[in-house]
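Novice: Take a look at the letters that make up each chain.
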Amino acid sequence: MVWFEVKKVFSRASGKISLAVLAALLAVTCWLAVSHIDYVNADGDIVTGIRAVRMLRSDKEKWEGYITENVLRSVIRENAAINASDEARSENVKEQNKAYAKKQGFDDIRDMINRAFCSFREYNYYRADSITEEEVGGLYEQRVARLREWLYSEEVYDHYTEEERAFLIEQYESLKTPFYYAVSDGWQAVLYYAQTIVMIGMLVCGFLVSSVFSGEFQTKADAVFFSSKYGRSKAIAAKVKAGYLIVTVLYWILILSYSAIVLAATGTGGGNCAIQTSFTYGKSFYHITFFELWLLMVFGGYIGWLFILTLTMLVSVLTRSPVLAVMIPFIILFLPSFVGGFSVLSDMLGLWPDQLLNIGEAIMLFNLYRVGGHIAGALPVVFTMYSCLYLVLPPALYLAYRKTGID
Amino acid sequence: MELKLTEVTKKYGGFTAVDNISLTMTGGVYGLLGVNGAGKTTLMRMLCTLLKPTSGSITCDGRDIFAMDASYRGLLGYLPQDFGFYPDFTVRDYLRYIASIKGLRPAVAAKRTEELIGRVGLVKAADKKMKKLSGGMKRRAGIAQAMLNDPKILILDEPTSGLDPNERIRFRNLISELSEERMVLLSTHIVPDVEYIANEIWLMKDGVMVQSGTPDEVIASMPERVWICRTDKQTASKLMERYQVSNIKTEAQGAELRLIAAACPAEGARQTEASLEDVFLYYFGEKAGEENGVV
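Protein chains in written order, with the working numbering: chain W, 59 to 465; chain H, 32 to 326.
Isolated chain W, as found in the complex (with noise of 0.2 Å):
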């Protein structure tokens, strides 16, 4: 049953169109993750692609380690002797790019040095440059401080309590310093358009899942479906498994192809180091690697995959209409566009369930909630609380099926 199930969604045209779309989505995307990072080469001319990613990593291994005062200390003599060169200090644009060339293997450290160096909501691309071998060496005290001192600013003083101000510099200052730096362009790459595949993935899965109730309805096989033995049982149950086949043998094929074709092009290193030694995520407040933050982005996108598409299944089963519950993905991921301006609904908007598929943002995000007593960012809760939803979501969408028709 459960096979002739998913033969019916894929056997409709639109079905063969979404798998179409999806395996264009998952070449598209690939191709912009790999070719994203860009290397400028001795002559100042820039590469991208995998030879720039090889050149890239080439010269950023040179800096793999700790981050300790001394190799913060080299950066800044470095980039000080660098920035002194004929080439830096040239009008010329080839010349310039040049001097960033020989930059590059310590960009990343000195990005972090810019923006412990900056106010918390600045970021100084040049700040590095006017930064003492002496200054630098209180880099991490410094990061603490940035944080404390916005906490305490005009702009989000009433936004927090106390004891959340206390929590996040707590989850700032336990840190475990020095950072260790390798070379993770590969998981940040992964990481950079995950949130684009599994988004737009999931609205093109929107379409197959939305038919999968409603299309008895659509086609008036309803009548024969409901009047046969297990039309009311296992039939149903056939369909809820179909469902969430194709939902999860969809997702996994295209997150996981998505992540194994761009982490072979653009290398698997550095996954085992803090997201905080990179510039995306630099000042979050987790305390996680670039590979746990992986994890946190395939399983968060599985579970808002889950819950949204069942969501739209059940749409299908109460209104019958493929076209009203394909719109549940769309509301779902728009929604926060529209209402986002309105600040009061910007603790609601951190637990709307996009957050599960843009993962990226939201470990970006210092969204706090009190959850029993205890004090939480947006993450734990989202996975938790969609979790427990979407274990309701099943049973609901079989009993309103069985229920169809009769009144």
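In short, the hints are calculated from the structure, not lab data.
Treat the hints loosely; a few may be bogus.
To be verified - Derived DEER-like restraints, expressed as beta-carbon distance ranges:
1) T377/W / K183/H: 30 to 38 Å
2) F388/W / G44/H: 56 to 64 Å
3) S102/H / T306/W: 31 to 39 Å
4) F357/W / K163/H: 55 to 63 Å
5) L449/W / N204/H: 52 to 60 Å
6) T377/W / K162/H: 22 to 30 Å
7) M99/H / I311/W: 41 to 49 Å
Said to hold, decoys possible - Straight-line C-alpha distance at most 25 Å; calculated SDA-like pairs for lysine to any residue:
8) K35/H / P84/H
9) K65/W / T121/H
10) K183/H / R150/H
11) K292/W / A101/H
Note that CB positions come from ideal geometry on N, CA and C, so glycine has one too.
Place chain H on chain W using the hints.
Specialist: For chain H alone, kept in the frame of chain W given last:
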């Protein structure tokens, strides 16, 4: 086996689709005749557990069919009026899928599918997609799906609607063959569909069962008589205004009318044997001929 309806009523808001119907079916072919909107489909959907009666009960061998749930539906074969299917499935896949939801084991389902494909004459079309079949072939696939579980109760709602005369005759014969050893309820608004194969006829109008019995009993129940009269065109027009006319044959000098009247309607009119079509016209009046011109 006994399928019994006791004072069954189905209401949609203020509208009563089926009004206080009590019937008993024990075996053979039952023809449910009525014009469109008479409540036939609602009655059949209740018998198929697709709708619950607002009041009254439906029992199978004394047990409520809704309480019996799957065990009742296991006895059932149903071809709905608006027969829907999965357009991108082949006939074979469609039947195998329906067999699976009817609880047939895969090996049995495969065997039964091939058997029924042969029986309904769809061997050459077995690997064709359902959407590519002609109207008649779709209906045959429909009857095949209804027969997959070798049902003890076969419910066919307007099975011949939309078919051409050849297909209709073929279909009627097929139903007649299938009616052995089972209870068949066949609803239609086309009298010849049931005239020769039904053991019992039920006439339904506005949700109410107006007459029931064997075809002869139903014919005999008509209090008026059937007359044939040959007359000029002017008189024919007058007769058509006064009486229910079941047939008009236009001739060079006038017309030959077949009409229903309590007494001789015109000079020279001769009484003739009533048919089921005449009875249908008598009970359902003008609406009887609206849909297809059969009557």
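Novice: None of the hints should be skipped; say for each whether it holds.
Specialist: Now for the hints, and whether the structure bears them out:
1. T377/W / K183/H: 30 to 38 Å: holds (36 Å)
2. F388/W / G44/H: 56 to 64 Å: violated (35 Å)
3. S102/H / T306/W: 31 to 39 Å: holds (33 Å)
4. F357/W / K163/H: 55 to 63 Å: violated (44 Å)
5. L449/W / N204/H: 52 to 60 Å: Holds, at about 54 Å.
6. T377/W / K162/H: 22 to 30 Å: holds (25 Å)
7. M99/H / I311/W: 41 to 49 Å: Since M99/H and I311/W have Cβ atoms about 43 Å apart, the given range 41 to 49 Å holds.
8. K35/H / P84/H: holds (13 Å)
9. K65/W / T121/H: holds (11 Å)
10. K183/H / R150/H: holds (18 Å)
11. K292/W / A101/H: Holds. K292/W to A101/H sits at ~10 Å (cutoff 25 Å).
In summary, the structure is inconsistent with hints 2 and 4 from the numbered list given earlier, while agreeing with the others.
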